[in-house]
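**Q** Next come the chains, spelled out residue by residue.
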Amino acid sequence: MALTMFRGIKCCPFSMYPSALVARKHVFLYCTMNNSPSQTATQDKAQANAKVSTQSKKMSKVAKDYEAIIGIETHVQLSTLTKAFCTCPYNYGSQPNSSVCPICMGLPGALPVLNSKVIEYAVRLGLALNCELSFNSKFDRKQYFYPDLPKGYQISQFDVPIATGGFIDLDLPVEFGGGHRKFGITRVHMEEDAGKLLHTGNGSFSQVDLNRAGVPLLEIVSEPDMRTGIEAAEYAAELQRMVRYLGISNGNMQEGSLRCDVNVSVRPWGQIEFGTKVEIKNLNSFSAMNRAIDFEIARQELLHSQGQADQIVQETRLWEEGAQKTVTMRKKEGLADYRYFPEPDLPAVNLTIKYVDDIRDSLPELPEMKRRRYETMGLSMQDILFLVNDMDVADFFDATIAKAADVKLAANWIMGDIAAYLKNEKLSINEVKLTPEELGELIASIKSGTISGKIGKEILFELLAKGGTVQGLIKEKDLVQIADPVEIEKMVDKVIADNPKQLEQYRGGKTKLQGFFAGQIMKASKGKANPGILNKILLEKLNAKS
Amino acid sequence: MLLSSVQNPRLLYLQSRLSHFNFRIKSSLHTSQTLTLTPSPPPPTSQILDIRKTLLSREKTAVELAGDYLTRIQRSDPKLKSFLYVSEESVLREAEELDRKIERNEEVGPLAGVYVGVKDNICTADMPSTAGSRILENYKPAYDATAVSKMRESGAIVVGKTNMDEFGMGSSTEASAYQVTANPWDLSRVPGGSSGGSASAVSARQCVVSLGSDTGGSVRQPASFCGVVGLKPTYGRVSRYGLVAYASSLDVIGCFGSSVSDTGILLNAISGHDRHDATSSRREVPDFTSQFISKDILDSKPLKGLRVGVIRETLDEGVDAEIVMSIRAAVSHLEELGCTVTEVSLPSFSLGLPAYYILASSESSSNLSRYDGVRYGNQCESEELNSLYENTRAHGFGSEVKRRILMGTYALSAGYYDAYYKRAQQVRTLVRKSFKSALDENDILISPAAPSAAYKIGEKKDDPLAMYAGDIMTVNVNLAGLPALVLPCGLVEGGPAGLPVGLQMIGAAFDEEKLLKVGHIFEQTLQDCCFVPPIAADN
Ligand SMILES: [Zn+2]
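First to last, the sequence lines map onto chains U and P. Going by this note's numbering, the residue at position 488 of the first sequence is 488; the numbering climbs one at a time, nothing skipped. Going by this note's numbering, the residue at position 435 of the second sequence is 435; the numbering climbs one at a time, nothing skipped.
Possibly wrong hints are sitting among the right ones.
[Unchecked claim] Within a straight-line C-alpha distance of at most 30 Å, the following computed BS3-like cross-link-like pairs (lysine-lysine) qualify:
| id | chain 1 | residue 1 | chain 2 | residue 2 |
| --- | --- | --- | --- | --- |
| 1 | U | K354 | U | K331 |
| 2 | U | K142 | P | K402 |
| 3 | U | K454 | U | K477 |
| 4 | P | K140 | U | K196 |
| 5 | U | K138 | P | K402 |
| 6 | U | K433 | U | K477 |
| 7 | U | K138 | P | K140 |
| 8 | U | K138 | P | K433 |
| 9 | U | K138 | P | K304 |
| 10 | P | K422 | U | K142 |
| 11 | U | K331 | U | K277 |
| 12 | P | K304 | U | K142 |
[To be verified] Here chain U is said to cover these stretches of chain P; the calculated rule only asks that three of the stretch's residues, wherever they fall, bring their Cβ under 8 Å from a Cβ of chain U:
| id | stretch |
| --- | --- |
| 13 | 137-148 |
| 14 | 271-280 |
| 15 | 353-366 |
Derived by calculation from the structure, the hints in this document are not laboratory data. Cβ atoms here follow ideal geometry from the backbone N, Cα and C, with glycine treated the same way.
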């Protein structure tokens, strides 16, 4: 369907995709800098720590005199099948303007119709963030001109957001000093995403890709409760976990499914008023957030300490990954007037108690609940944070221990060999052939002595790569531990008989040679002999005065 | 009270042509059989049903009928300028298709062979849809508006796109970026607006029925000026999908016809919930045509017991005396038909006009933001983004549109929102309430459709306030979202053959059925009136 005629301002031959062309000026684009989406938040932060430390050491003297105040606005792209107000699907990375229609292009006469999943997802997140829900909310129009905004206004929520006044619980990583934190959530509201501007090679034109226009977003505004870069990064990481647990977004920062704008101000200790607020954009990873914020705090503290606090102006600064610093993007020229008013094309959003209750009943166990539960199971916070970070891993762990597998052993297997395997193979836990039931079986088989730990490891890699059952593999490869004393005795006898010299030395006082004999016997048993029984019989035989 | 104006010389003039005036005289003489006493021209019949009969009886082919209408357009439109675009080719092609269907004795829809004019702000996939604006010059939508596709599914053939005030902002069609449409009754006068082209096209029989849009009276006032029937349905009755938005909370697609039954049949075709319009109602649509009882089987008091409220504020000062008189005469006619007529007061009535202009301008300032030259429409070459917007919009929009964008932007600005937009919304609530209570007491409310008959082209063009004041009769109905039917009830002095006056009947929400029933009986029993303008009679 040829929807429009796209033209350039100047006559410019461009025909790859139907894209509108506008002159390029003050154009800013979120660029994706990191292409490894599998990186976890914790790994991300470990790197961050290393890089930040040198810079923050310089500042440590003045830092004591000041307090930083950090608030975060997060946009989460919802993973609904279709956009918020039309039936176009959205797939990140598809060809420009391949997923558009009269509605998301803002053609004359087209009207928005709300995708009810957006409300459902908003309610899910509102409940998960312990918010109070507005049973009667509405949509508003936020008005401004920009080429990526097809209607000249964004459908958003202004004075009656769907959820307000919640909080988020989290535990800081042990390597950052640990500790529990509770940060306030001011509001959660629904809105639509804008399109994207693409810039041509020679820079004289910009093109508009409207695939993203109309994709549903939730904007989550935090209270200014964070004080350090790591707190802010952890807040964002917890939000990411939450939206993933809730199944409402893939939370992928590199693809822009989770975007954080951070406000940072610094004030002398004891001062009640906030300092001048600076906004930081272009934060494409948690580690970038952490570093950018700590840089910005240090920058502002330095200015304060030099009596140049007036140099801190209300502005938007850009995090430059290469230079590891924030730079001025644009100064705020007064407050923008968005001329909000109620969206007349959409009816009010009215929730019923039953609707909300049904959603509440369908919520999964959230990260915070999992952490507290694992804590009562006796796991260390380090283990807990690792397991809870990825819901699939946590679910795998829960399924493993569901059949009474040892909790600590299960955690160790998952965090150790399995995690290493996943990392090497670049797989997620759902992509391996190993089932939690078999891991439980494996742990039980080792614990009961059916197989040795060493053989257990072999079986694990077999299971991860090819699948199958523990029992099946044990049988197939004849791996059952030899625990029959008669059989072991035969092997002991044979090894002793084959090594008369060593026996003599042993009996001559060189008792260390017991290890040699044990090794030989284990080798003869192909590793299957039960070490306890073996050693017991061996000792008896070695020490026997025959 | 009515007789007190007998001394007015104009009334004497009216007397000679207005049948209902005769009723009044007779009724005051207590004559009971008033309806059949004087021989008179026959009341309007349904053109749609006539066409159906003509086609199905093979009296004429659809192509022949198309030829009739196209010829009439060719002859009269150079003078009237009702149409911005006439699609001869597709009309003939679709007529041929219909003829083949009839030949094969296939089932044809209720609007088969009905030639429809469509206001230019209603999207049509195969024709330009400019909304009367330069900024959308040559713009061809990718899709049909729901109302248009529903009409087409019923067999209607779209003749072309009718002229209008740019984006619906105006009351005379003089604010079209392309041409000025003339009133078929007097070519020196305006047809009303903003749906002036649709009204004049039906009045001049250039098409059978037409679609218009009504944000503050844009169907009803031109219907009144052109002597045709205009129906503004309840907000939400007809899908707005594909209607180029002016003020979304007020916009409604409406119908024009030369008889009440034609507007009812057209409404039947376009009504109903649309999943593309979240504000369209899920209410079931009754068969509006079942209301049309043949004149021959009406008893002497067909509207016995119907409670009619005359809105006092609409017959106050500021309304032309002859209009007041025509409405009074219509009241008598209604009484004659058995209605119980009382006067009702809507205290918030006068507040409606300023509230309307604030709300409509506010919404339009937002709705028109999309015309930025980036994706479609006229674009002005620019070196820089802001000047792209500025130049595109400065050249693309006419002065009335700019005025309303400015007013709306101002009203929504921080610091002014509460004083303007919010207060206007409060007035809107008041208006709704006062209509509600008046309609609890009455079945229908009546008023003039406009404070005057059609005025001269250019008379109010440079006086926006005078132009706005002309909307006083209609805007309140939009604020309340109610249905209203305007039908010609008489003629006043002016032009070569007099100028028509429209009677507005306002009903409860979603009660178009009652309006059509009452309107139909009123129309069928109105004597001595023939609302065919000279230009159509000539042909
Ligand atoms: Zn779309």
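**Q** Please go over all the hints and tell whether each is borne out by the structure.
**A** Here is what the structure says about each hint:
1. U:K354 - U:K331: Distance of about 47 Å is beyond 30 Å: violated.
2. U:K142 - P:K402: This hinted pair holds, its Cα atoms lying about 20 Å apart.
3. U:K454 - U:K477: holds, 14 Å
4. P:K140 - U:K196: Status holds; Cα separation ~25 Å.
5. U:K138 - P:K402: Given pair U:K138, P:K402 holds - Cα atoms ~29 Å apart, limit 30 Å.
6. U:K433 - U:K477: This hinted pair holds, its Cα atoms lying about 19 Å apart.
7. U:K138 - P:K140: Given that 30 Å is the threshold and the Cα spacing comes to 33 Å, the pair is violated.
8. U:K138 - P:K433: Holds, at roughly 22 Å.
9. U:K138 - P:K304: Cα-Cα ~45 Å, so violated.
10. P:K422 - U:K142: holds, 17 Å
11. U:K331 - U:K277: Satisfied, since the Cα-Cα distance of roughly 12 Å is no more than 30 Å.
12. P:K304 - U:K142: With a Cα-Cα distance of about 53 Å, the restraint between P:K304 and U:K142 is violated, given a limit of 30 Å.
13. 137-148: holds (count 5)
14. 271-280: Holds: 5 residues of the stretch 271-280 of chain P have a Cβ under 8 Å from chain U.
15. 353-366: It holds: at least three residues are needed, and the stretch 353-366 of chain P offers 4 whose Cβ sits within less than 8 Å of chain U.
In this structure, the earlier hints numbered 1, 7, 9, 12 are contradicted, and the remaining ones agree with it.
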